[in-house]
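These protein sequence lines map, in sequence, to chains Y and W. Going by the numbering used here, the final residue of the first sequence carries number 363, and the count climbs one at a time with no gaps. Going by the numbering used here, the final residue of the second sequence carries number 363, and the count climbs one at a time with no gaps.
No lab work stands behind these hints: they were computed from the structure. Treat the hints loosely; a few may be bogus.
Quick list of simulated restraints, FRET-style, between CB atoms [stated by the list, open to error]:
| id | chain 1 | residue 1 | chain 2 | residue 2 | range |
| --- | --- | --- | --- | --- | --- |
| 1 | W | 161 | Y | 339 | 46 to 54 Å |
| 2 | W | 295 | Y | 128 | 17 to 25 Å |
| 3 | W | 262 | Y | 306 | 48 to 56 Å |
| 4 | W | 344 | Y | 259 | 50 to 58 Å |
| 5 | Y | 306 | W | 61 | 29 to 37 Å |
| 6 | Y | 129 | W | 148 | 22 to 30 Å |
| 7 | Y | 245 | W | 262 | 15 to 23 Å |
Yeah, the Cβ is synthetic: ideal placement off N, Cα and C, and Gly gets one too.
Number of protein chains: 2
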Amino acid sequence: MSDLLVIGTGLIGTSLGLAATSAGYRVQLADGDPEHVRQAQAAGAGEARTDDSPEPAIVVVAVPPSAAAAVIAEALRAHPRATVTDVCSVKAPVLAALAADGADLRRVVGGHPMAGRETSGPGAASAELFHGRTWLLTPLPQTDPERIGHVRELAAATGAAVREMPAELHDKAVALTSHAPQVVSSLMAARLAHSDPDTVAVAGQGLRDVVRIAGSDPGLWADILCTNADEVTPVLASLRDDLAELLAALEVADGAARGRVSKVIAAGNRGSALLPAKHGGVAASYVELPVEVPDAPGELGRLFLVAGDAGVNLEDVRIEHTVGRLTAIAHLYVLPEVLPDLRDALRGGDWLVLE
Amino acid sequence: MSDLLVIGTGLIGTSLGLAATSAGYRVQLADGDPEHVRQAQAAGAGEARTDDSPEPAIVVVAVPPSAAAAVIAEALRAHPRATVTDVCSVKAPVLAALAADGADLRRVVGGHPMAGRETSGPGAASAELFHGRTWLLTPLPQTDPERIGHVRELAAATGAAVREMPAELHDKAVALTSHAPQVVSSLMAARLAHSDPDTVAVAGQGLRDVVRIAGSDPGLWADILCTNADEVTPVLASLRDDLAELLAALEVADGAARGRVSKVIAAGNRGSALLPAKHGGVAASYVELPVEVPDAPGELGRLFLVAGDAGVNLEDVRIEHTVGRLTAIAHLYVLPEVLPDLRDALRGGDWLVLE
């Protein structure tokens, strides 16, 4: 099996070391912080690279976007026969910096495993982090096809679904679907920072969903947003323009203004309708049953057991929590033909069906 | 039992008619659209009001915010002994308009049941819509305490938890926790409106959560936002200012800019930390286990059964769907002491635990 060198043993690098090790790769680990390497090695992600280590066939650079180009360039120089890939969530600026540096781009395969976790560092690593996730590759026209194949093999070995995409399209796509939503969520959550508790006490699930990702790491995200500034700026600028128009309308708040506000909400309707349904084509075939769940240990498990005992398959579940409520609402999604059975079973078990 | 008149038989009015009828109120129904009254009556929400109907003790005005003040004023004139309440999500401007009109404010009890549904109209009504929800009342200093008591009784009879709050504080609270998040979600979703499918195909659960509420009714929301413009404008204006600062920083994208971007994300960290945890004080005592779930009928139910068979209570569940993935991830939350049992049971059943 191939020798693999992972440079940067944070969450992603260590997880990759674990996954590649179980897939049979011989993994070497390197990091500016020797304590990180020690932790990654202790977790089973590989062996610390030393002067005696064999030359790696593949180098994976798993460092933040702002450092990626320099570390990739250095890896290309230090390992003149190796294929070098990375895991950055921004691609084109990194590849452009390498091109400007005169790097050997035939050996570079840009990559972005779309996986993460709310906690960072080697301690949060998992061999299963990439399982079932999309791993995007952004090879250049000059990239050696055989080397693309080796990186595809590595990504597939972690359980990820590999997909190729031009670097520019990748950066545009993540600006829209990941970077801008992060900013929007953070900006909304920041509004709560100086609010009094009585105000927050009326919050429902809507606010909770909008700010769910607002706990993200500020340093990493500043790095991502600044590196992808060219793509994320136009998305945020158009949002700013719509917001300015909405604020101007709210200042007047007459009949015509109402029409302009309504247009903004309607545009959101159209946009959200473009998101593929959760279950692809079959989403429309599920019906929803809301059920009250006392917010106490064991109640949710008890609810699922009732469905199981009635022979009803739950296709999806969404739990709605509201601040200050003593109960939650479980929204159960099932096939229409079993809805009456589920309803009867729940009512027979003294559950409050909220329909 | 009291005679109750519901004016406006949409989702909220019809649901209230249903709930009040089962609580023993004699409910009369009125609406500008006779078809809505017919539907509400057919659903069992009460009887259409006629000239022969007895005088109501309570009138509930369930019309959109922009129409509320005029309809309340008319109800006060038409029913000179009745208590008049409403269900508007904006309170102070409605009460101010009534005061300017010289209305008898001793008989007015402003109300806001915090309940809704993604579909509107009498057909979506439910007797259980208010169950366990917060129903805010915003009485004025001159409101007759006995009349407040009658509206409290009505709200409590629907299963809601009643809470009093000054109208100005109410409007400020909903601007921050409901109206601004709606705008932010709609603005983000609107960015997707002209995107190509390849771009949206890389969307993860983060985007999905941010835009979940972006499907809301444009007309109703234009009405709400314009009526509460005084309170929602400052929240959105401060968000605009932060966004402008962030965009200015992204234009430079140097080291200093990175610090300014990081500050915006960090402010979001602080704000989201102020949202009470889902389960109040005990949230911290749950641990999370991510499990892969094939996105096929029955798999989720099968997963819950494994937990049930192992005697493990699930305390919370969050399902993560990603566009283009063939599997979903169920995040299971349990008490730490049962985590090993759950892990063993899942692994024994060939489930892929993603940790």
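Which numbered hints fail = 1, 5 and 6
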